[in-house]
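Asker: Here is what each chain is made of, one letter per residue.
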Amino acid sequence: MIKARKLTKRFGEVEALVNLNCNIPQGCIYGLVGANGAGKSTFLRLCNGIYKPDEGHISINGGEVFDCPAVKEHCVFVPDELYFLPQSNLNRMSLLYESMYPRFSKERFAELAAAFKLDRTRPLNTFSKGMRRQAATILALSAMTDYVFFDETFDGLDPVMRNLVKGMLYDDVLERGCTAVVTSHSLRELEDTCDQLALLYRGGIVFESDVQNLKTSLFKVQVAFAEEFDRTRFTGMEILSFVKQGSVANMIIRGDSAKAKSAIGVQNPLILEILPLTLEEVFLYEMEALGYSFEAPALKGGERE
Amino acid sequence: MKPYLESIRRLSRVGLILFALSMVASAVVSIQYCTAQYYSNVPSMTHMFSPLIAFIYAGGVVLAMDGFSFLNKRSDSDFYHSLPVSRKKLFWAITLAALTWIAATVLGSVLLTVIIYTLTKTQFVQLYALVAVPFFTIAAMMVFAACAIAMSLTGTAITGLGLTVLVFGLIRFVQFAIARGIVASTQIINWLDLPWYLSPVTNIATGQIAQLLRPMLRQTLYSPINILYSAVIVGVELVLARMLFARRPSELAERGASNTGMQTAFACAAVIPVVMLFASGIISQRNVSIPIVIGIAAGIYVIYQVIVLRTTKKVLLSLPWLLIPLAIGVAGYYGTNSAASSMQSYVPNTQDVAYVQFGGSERGSESTSYQQYMVSKVRFTETDVKQYAVDTLRDNVSTIRQSGYLNYSYDAQSGYMLTTQPVTFVLNNGRKISRVLTFMNQNTLLTYCEENSDFNAAIRTLAPQNAVCYLQGDDPYKGGYLESDQILSAYYAELPTTKYPANDSYRYYNPFETNNTDDEQNYGSLSATGYVGMTRFWDYYTIRVGMPKTASAWMSYENSLSKGEYLDLMQQMIAKSTTLEDNMDYFNVSMTFYNAPMSDGTKQAMSFYYDSSTGNGESEMNATLQPLMNELAAIMLRSTPTTNPNDFCVFTNWSGRVHKADGTFYGADIIASQTVTGGNSTFVSGGSIYYVSDGSVVYSGLNGAINSYNPNYRTFSAADQARVIEILQQWKVVQDQYNYTAYGSTPADGPSIGDTRVYATPSPTPVG
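Going line by line, the protein sequences match chains E and U.
Heads up: the first sequence begins at 304 in our numbering, then just goes up one per residue.
Heads up: the second sequence begins at 3 in our numbering, then just goes up one per residue.
Mixed in with the good hints there might be a few duds.
Within a straight-line C-alpha distance of at most 25 Å, the following computed SDA-like cross-link-like pairs (lysine to any residue) qualify [what the hints assert, rightly or not]:
#, chain 1, residue 1, chain 2, residue 2
1, U, Lys-379, U, Ser-260
2, U, Lys-75, E, Arg-557
3, U, Lys-90, E, Met-396
4, U, Lys-75, E, Asn-428
5, E, Lys-409, U, Lys-379
6, U, Lys-75, E, Leu-388
7, E, Lys-420, E, Gly-366
8, U, Lys-4, E, Arg-423
9, U, Lys-90, E, His-360
Hints are computed from structural coordinates only; laboratory data are not their basis.
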């Protein structure tokens with residue numbers, strides 16, 4: 304398990320993480336999403352012992368991470384900006400990984416390279432961006448660590464490769480109980496890949512939940528009544544957004560959709576529809592509720608309360 | 003082990019390039035040296051392994067910057083810091099890998115150099131190879147360690163390089179500046195006399211740079227103590243670098259320093275060398291120089307800060323910190339002057355001096371004699387010596403204080419008696435003070451020194467004969483060495499039977515005795531160079547009449563080199579010398595007569611010189627001398643070579659370019675028969691050549707000139723000897739009349755030439 308308690312990291316006057324607390328259980332694929340500058344990459348770097356916390360601590364399997372090889376040998380990191388040895392190829396990089404990671408598997412490396420159809424002798428600086436990401440992923444997965452950290456790694460992969468990597472990741476999680484922590488800007492990717500999701504905002508985790516729960520905890524309600532109505536008609540419900548166009552109101556409600564439907568239904572609406580939200584919509588509304596403002600194209604021209 | 007092997011692999015790209023370059027450079031330099039035509043001495047360590055001097059700095063910096071290059075880029079730094087290896091282990095893996103490459107390169111270069119020297123049978127000090135490996139390895143690691151510290155403190159290549167220079171050289175530069183200031187200010191302390199904490203060579207990496215500026219430092223640079231001390235410094239610096247590396251935040255990559263304070267500290271450090279120029283004495287403390295230096299220092303500071311801090315406000319806020327290096331400069335100046343004054347004025351009491359030692363006036367040079375080396379080990383406990391040294395020190399200090407420099411007025415008597423000697427006073431409490439003293443009278447010093455039996459033995463000690471590598475510039479594999487070796491063997495056998503020291507600098511000096519008399523007549527000197535252990539020596543052994551077997555061997559050797567003196571040609575040129583046809587024509591002859599009998603019963607070596615050229619050829623003096631020369635030439639034609647040093651004999655060198663009346667050259671047939679090879683060119687005779695009597699030819703720009711430089715020693719019949727003496731007597735009269743002071747002329751109040759008691763027989767009729 305990865306545990307972070309009051310984790311704080313500053314860069315000069317900038318506070319990248321402030322009192323961050325989280326638990327990442329073992330054997331899951333944990334997605335971390337957040338706006339630019341939220342602290343996602345900083346958090347991953349703290350998890351891998353690249354940065355030293357200014358306050359608080361972060362531990363993996365009970366051991367502090369920073370400058371502790373015994374803990375770090377269970378972790379491998381695939382950053383957003385990849386690093387390869389100059390003039391090297393996959394074979395050369397595998398030697399580097401093999402020398403550093405005690406459980407590095409040459410067989411798995413060969414198997415993954417074949418699966419990705421990457422030439423192991425070709426210089427990595429001749430690879431495309433996507434191929435370089437594939438190469439980095441192969442090396443990381445071949446390290447056979449208990450924790451794998453991907454920082455926006457799936458960006459740049461084509462859909463076929465993306466599915467391939469996901470499949471390999473699932474295999475690792477299922478077979479070895481490996482834990483993957485993935486950050487991405489593409490919620491659609493995380494939606495399909497992760498089973499846990501956390502939202503990072505201004506240096507702290509504002510909510511974390513399993514993905515299924517996230518999708519069902521927020522829902523859209525389209526309702527219309529014969530008489531005039533407003534938001535106050537729906538007291539007792541946690542309404543994140545209320546937009547009325549004409550006589551039809553669109554509401555984003557947090558809570559149990561069945562209970563909400565029942566509560567509204569007794570008021571004899573002319574229109575009542577419960578619509579599920581995509582994870583992206585959930586993210587947008589949650590962020591809006593937290594004060595991260597933006598123009599949502601769907602709500603243009605309507606009333607916003 | 004795995005991180006170490008991985009680091010070896012990672013550094014292999016630059017490691018192999020450095021290795022290859024060093025090997026090629028070592029091969030080229032060694033082959034160039036070993037195939038040279040002439041050597042005077044075995045090469046010093048600096049000359050022998052000169053490519054490795056460059057490697058110290060190039061290799062150390064390049065391997066460090068490549069090994070720690072990941073610290074300068076965020077993605078690289080993050081990757082390496084994410085690896086499951088402790089920072090401590092990572093640091094040592096890179097360091098040991100660099101050490102491996104450095105050691106392999108040094109070892110390879112040294113081995114290759116030794117192999118080339120051995121295969122080409124070129125003499126070298128064999129112990130140098132053993133010392134060179136640890137020396138250059140540790141020196142390169144010193145540079146590496148400095149760079150490792152710098153890389154751990156900064157996050158860009160440029161600042162890393164800049165900080166490397168500061169870490170590597172700042173402290174030693176300050177030390178060098180203070181040392182230079184003391185040497186310049188005291189005037190009696192030499193670079194080799196500085197206390198160990200001011201010596202530039204204890205740090206062998208910066209010492210290499212110092213010896214380029216002060217070559218005498220080579221003598222002590224390669225000392226095992228300096229190597230050991232430097233190894234300790236390397237260890238300390240690497241431990242410091244490791245600590246800094248472990249604490250270094252990964253996010254420092256791509257930034258000059260972790261914070262503004264560090265940047266300012268670097269800027270202050272960069273300014274210190276400028277402000278220390280006053281302490282060094284390079285810049286004098288004058289009204290105009292102070293603002294200039296301060297301006298330059300401030301300029302460097304501001305420019306650096308503008309580049310790294312980038313905002314005017316931050317630069318202005320940091321300006322007060324400039325006062326710190328300025329204060330260091332002021333403290334350095336006054337501190338150095340104060341220290342110099344204190345060191346200069348210290349004169350021990352004689353009773354506090356346990357003994358003194360004399361380092362030798364040639365110490366630090368390429369031509370230190372073996373005897374001087376032996377004398378440097380002698381401990382003079384005699385009161386006379388100690389007292390004279392102490393009195394001289396006091397007198398020197400007083401003279402400097404009065405005049406600002408060592409100012410001893412010269413007169414005919416005292417001027418030539420001065421001698422400057424490095425002296426070490428060892429006090430009863432073990433403290434050592436070294437000074438370079440100017441003694442008023444070298445003969446007095448010698449008299450006192452001769453009270454010490456070790457000294458007397460030392461000045462008569464010759465280096466082991468098998469330690470001699472070159473004689474007269476020839477090595478054992480060349481023919482000339484074998485002939486010279488016979489002279490050396492005779493010298494080694496005869497010297498102990500005489501009163502002579504092996505080195506003329508340990509003889510009593512008479513400034514007026516320009517002509518040597520009796521046994522002191524000398525025929526020349528034998529140059530012998532070689533090494534004992536790691537000490538190279540260069541001796542000159544004077545060949546004297548007082549060592550007859552040696553002198554005879556010498557004469558035999560010189561005569562063997564002569565392949566034709568063309569005395570008849572000389573006679574013809576002499577005859578024509580007063581009526582030269584061409585503006586560029588000339589003739590001159592130099593004769594040294596040995597065992598010329600004198601009126602006081604002594605025998606003396608004397609030199610006479612005749613010179614004729616267009617302009618002075620028809621002078622009255624030459625008109626008087628020429629008939630004498632004609633007669634001498636005729637006598638010389640009748641003379642015979644001799645190898646008896648006790649014979650009355652002559653050694654003649656002449657040269658001339660003389661046209662006949664018909665416009666042809668005298669000696670044209672000789673010139674025509676010679677094909678000249680000079681350097682890379684071959685000239686057909688008749689072009690610009692010199693011809694010398696041993697058959698070798700020297701290229702000259704003057705067409706038709708002939709030189710005879712390798713004559714025989716020639717002696718005369720009894721009748722001719724008497725006539726020669728008469729001629730020399732007449733010659734002396736002419737010299738005095740025309741104030742023509744020839745080399746080796748007798749003083750006016752000395753004995754006259756010729757002992758009529760010996761040659762009672764009448765002079766033979768001169769041959770016309």
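Asker: Kindly indicate which numbered hints from before are broken by the structure, ordering the numbers from low to high.
Answerer: 1, 2, 5, 7
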